[in-house]
Amino acid sequence: MDGRIIIAYVEQAVFFILGLVALGLELWAFVDCLRHRPNAFEATGKRTKTFWLALTGGATAVGLISLLGAGGGIFSTLGLFGLAAVVAASVYLADVRPAVKDAGRGGSRNMGPYGPW
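By my numbering, the letter at position 65 of the sequence shown is numbered 65, and the numbering carries on one by one without gaps.
These aren't lab readings, by the way, just hints derived from the structure by calculation.
Predicted model, so just to flag it, every value in this text is computed and none were measured.
We treat Cβ as the ideally placed atom computed from N, Cα and C, and that holds for glycine.
Don't take every hint at face value.
[Unchecked claim] Derived CB-CB ranges, DEER-like:
#1 GLY3 <-> ASN39: 40 to 48 Å
#2 PRO38 <-> GLU11: 23 to 31 Å
#3 ASP2 <-> TRP28: 36 to 44 Å
#4 ALA43 <-> TYR9: 44 to 52 Å
#5 GLY3 <-> ALA99: 45 to 53 Å
[Said to hold, decoys possible] Computed list of lysine to aspartate or glutamate pairs in DMTMM-like fashion (alpha-carbon distance at most 25 Å, straight line):
#6 LYS49 <-> ASP32
#7 LYS101 <-> GLU11
#8 LYS46 <-> ASP32
#9 LYS49 <-> ASP2
#10 LYS101 <-> ASP32
#11 LYS46 <-> ASP102
#12 LYS49 <-> GLU11
#13 LYS46 <-> ASP95
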């Protein structure tokens, strides 16, 4: 077997694994967004639940397309839309999810004896 063929197989495997990780991240964001009440989004000032469902749902669809479409181009895992989908899911998980989760519990996690810190 030629060394270039082995490298091509390894490269395909790496891209497939990256696609799986990206799809997992996007699915996590979408399912988490489904779990929270709509008024928790508005109470925290993080847009609406419909907006985040559309964004994370679109990100999940792009992740699925990039995983199944083994070709290159803008829909590949590291293509323009693939990266945008990962960024959208990451923004939800890093910024919106903690705020909405705290709103569901009725307050901030970072409470000291005299208020938030």
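A quick look at each hint next to the structure:
no.: 1; hint: GLY3 <-> ASN39: 40 to 48 Å; result: violated, 59 Å
no.: 2; hint: PRO38 <-> GLU11: 23 to 31 Å; result: violated, 43 Å
no.: 3; hint: ASP2 <-> TRP28: 36 to 44 Å; result: holds, 39 Å
no.: 4; hint: ALA43 <-> TYR9: 44 to 52 Å; result: holds, 50 Å
no.: 5; hint: GLY3 <-> ALA99: 45 to 53 Å; result: holds, 50 Å
no.: 6; hint: LYS49 <-> ASP32; result: holds, 11 Å
no.: 7; hint: LYS101 <-> GLU11; result: violated, 38 Å
no.: 8; hint: LYS46 <-> ASP32; result: holds, 15 Å
no.: 9; hint: LYS49 <-> ASP2; result: violated, 52 Å
no.: 10; hint: LYS101 <-> ASP32; result: holds, 10 Å
no.: 11; hint: LYS46 <-> ASP102; result: holds, 13 Å
no.: 12; hint: LYS49 <-> GLU11; result: violated, 38 Å
no.: 13; hint: LYS46 <-> ASP95; result: holds, 9 Å
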